[in-house]
Amino acid sequence: MSPEVPPPSRRALLRAGACGLIGAAAGGCGFMPAKKPDTKQLAPVEARVDGDLVYFNWADFVDPSVFKGFEKEYGVKVVQSNFDSMEGMAAKLNAGNRYDIIFPTAKWAQRLARGGRLRRIDHSQLSHSQDIFGAYPYFADPWYDPGSAHTVPFTAYKTGIGWRRDRIGELTDSWRDLWSDRASGKVFLLDDRDEVLGMGALALGLDVSTGDTGDLDRITSLLGTLRPRLRGFSSDSYNNLLNGNALIQQAWSGDMAAMLYQAKDPSVFGFEAPEEGTPINTDCYAIPWNAPHPGTAMLFIDYMLRPENVKKNIEYIGYPMPVAGSEKTYADLVEPFPECMVTQDDLKAGLFFRNGGSAAEDARDTAWTHVKAG
Amino acid sequence: MALLRPSSRTRRRDANGTRIWTWLMLPGTLWMTGFLIASLVLVAVLAVGTTDELGNPRFGFDLAGIRALADPAYTEVLARSLGYALLTCVICLLIAYPVAYTIALYGGRYKHALIAAIVVPFFANYLVRMYGWSVVLSDDGPVLSALRAIGLADAGTRILNSGFGVVAGLVYGFVVFMIIPLYAALERLDVSLIEAGRDLYGGPVRTFFFVTLPATRQGAAAGLVLVFLPAMGDFVSAQLMGGPDQIMIGNLIQDKFFQGQNWPLGSALTMLLMLVLLVGMLGYLRRTRKDEAEALR
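Residue numbers (this note's numbering), protein chains in the order written: chain A, 1 to 374; chain B, 1001 to 1297.
Only chain A is shown next, with the shape it has when bound in the complex (with noise of 0.2 Å):
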C-alpha cells in the first residue's frame, strides 16, 4: 500500500457500512428474505427414526418424564428451546432456525400453513389418530386447517373468568361481572389484544374477531367504562388471584387449573365461563417445511398420544386435550372448577380468534392501544 493513500477513517467506514445496508434493505422487498419451499418439504414423511428431536414449544408444557420415556424408546435425544410468544416463535422460523416440532395456536397455525411454512401430516401414520379425529369430528376439518393436513390438535382451552371467592361470593356466569362494584380497583384483564377485545365483543354479543370499526368503537367505549374499575393487564393471571392483588381476574382455564396446584385452599377461588361464550383456542403440533429430522417429530406426535402420556400432560400443565378417553383425567383434575372443561359444542360454537385482513389488523391494534392506553 502507498503512504499517500489514506487508512479509512471511522466515520467513512460507518457511512460505507450504513450505504451498504441501506442497499441490500432497498434491494429485497421482504424483511425476511424467505426461501420458498419445494413440494418436497411439504410433502407428509413416515414416523422413524431420522435424528435427534429439536422440539420448540411454551416453556414447561410437557411433562419432563414423557420426553425421557421418548428418549429411552428412541434412542433420541430431545434438545428442547422456548418461545414466549407466538410472535417470537414466528420470528425464529421466519429467520430461518430449523425445528422439528412446534406447537402454534390455531390463528397461527393458519398462517403458517397458508404461508407454506408446514409439512403434511399423514395422520394414518399415527397408530392414535382416531382418538382424536373419530372422537372430535370437529378437528377432523377445522377453520385453521381444511382436514387437519398440516397440524394434529394438542391441547384446547376457553377463556373465562377466575375470582376470589371468599372476599366477594358468587358471581352471575356473565362477562358482566368484571364491572362488579365488589370488585371495583381489584379487577385484572389479560394483557393480550385479542382476549381483551373479544371479550368486550362477547360482553356486546359481537363476533369476537371482529375488524369492523363500528363494533371496535362499541368495544372501544365500552371498555371504556370499565377502565376506571381495573387495576391492570397482566397475564399472569393465578399469582394476581393469589397474591391478592386481583379479585376478578380474566384468565385462562388452563391458567386455573395449574393453580390448583399452588393453593392452599382452592375452594376459596372460583372459575365461570360466562353463559354469552367464551373464546376457545387450540395449541397444535405442527412440522415446520425446513425440520431437519421430520420423521422423529412423526413418532413424537405419535408417542404423546399414546394414552398413558396424555394423561401424564394433563395432569403436568392443567390444559384439557381433545383426545378420546382423557376426559375423565381432566375433569378429576379441575373438579373445583368444572367450567375449565371444553366440550364438543364449545368447540363449533365459532369462538376462535381468527384472521383479519391488514385493514382488519389494524382497526384491531388501534382499538387495543385506545383501550390500553385509555
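These are calculated hints, taken from the structure and not from any lab test. Here the structure is a predicted model, which is why all the values come from computation and not from measurement. Glycine included, C-beta positions come from ideal geometry on N, C-alpha and C. Warning: the hint list may mix true and false statements.
[Claimed, not checked] Per the computed footprint, the stretches of chain A lying under chain B, defined by three or more beta-carbons under 8 Å from a beta-carbon of chain B, are: (1) 85-95; (2) 225-232; (3) 240-252; (4) 348-362.
Fit chain B to the given chain A structure using the hints.
Using the frame of chain A, we list chain B on its own:
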C-alpha cells in the same frame, strides 16, 4: 534532498502508526455498524414499511405508521413517560448525592467495599428484581401485611399499580447509574477546595452550594443522562408496578412489535422516542462542551 529524507521517513512512520490504530478500531467499528447503526437503519426503514396479510413486516414506502403517531393517545403516553423519567432523575439525584458524598469523603478504607455493596445487587437481572418487588409489595404480601398488623395501613392501602409504584421501580432500577458517576466526581474532588471555602467564612451549606456542587456538576450531568435514557424507554416497571393509567411509551412500543404485529408503527414510535432522547442528549453535550471550554480558559 539529504535534508528532506529523514523528515519524510518520520512522516511515514507517523502514517504507519496512525494506520495501525485505525485498523485496531476496526472490530469496534464493525460492531457499532453491525449492531447499532444497522439496527437503527432497519428501524428507520421499517417505520415507512408495511405489514403483509400474515403480519410479517415488509419493506416499502407507506406513511401509515408515521401518520398513526398523530393519535393523541401516543402524545399523552409520551408526555407521561417524560414526566416519570424526569421525576426519576430528580429523586435519583437526591438519593445518590448523599450516598456518593458519604462514601467518597468519609468511606476511608471501606470505600471500595461500600461501592461494591451498592453495585453487586445490580448484577442480578433487572426484570427478576422487579418481579421480586411486585411479589413483596403485593396486597397480601409481607410489606402490606406487616403495615396492616401495626395499624399503618388499612384494607384499601396499596402500593402496586400506582404512579408511585412505577416511579419507585424506576428509581430503584437506575439509581446506581447516578451513584457511580457522582462518586467518581466526588472522589476526584480536591478536598482543599472545601477547606478554602470554609476559610473564606462559608458555612457548610454555602460551601456545599458554591464549591462542592459546582465542582461535581459534570458527574451529576452524566448521572442524569444515564438515568434519564433508560428510564424514558423502560417498560418493565410500568408492566409490573403500574396499572392502566401508568402505561409508558415502552409498553406501547413493545405491544406494537408483539401483539399488534404492527412493526411499522412500532418503528415510528421508536423513532419518536429517540428524537425526544436526542434532545436530552444534545442538551448534555452542549453543557459538557461549555464546561470543557471554561476549563481550558
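> Looking back at the numbered hints, which does the structure fail to meet, lowest number first?
Replying inline: Of the numbered hints, all hold.
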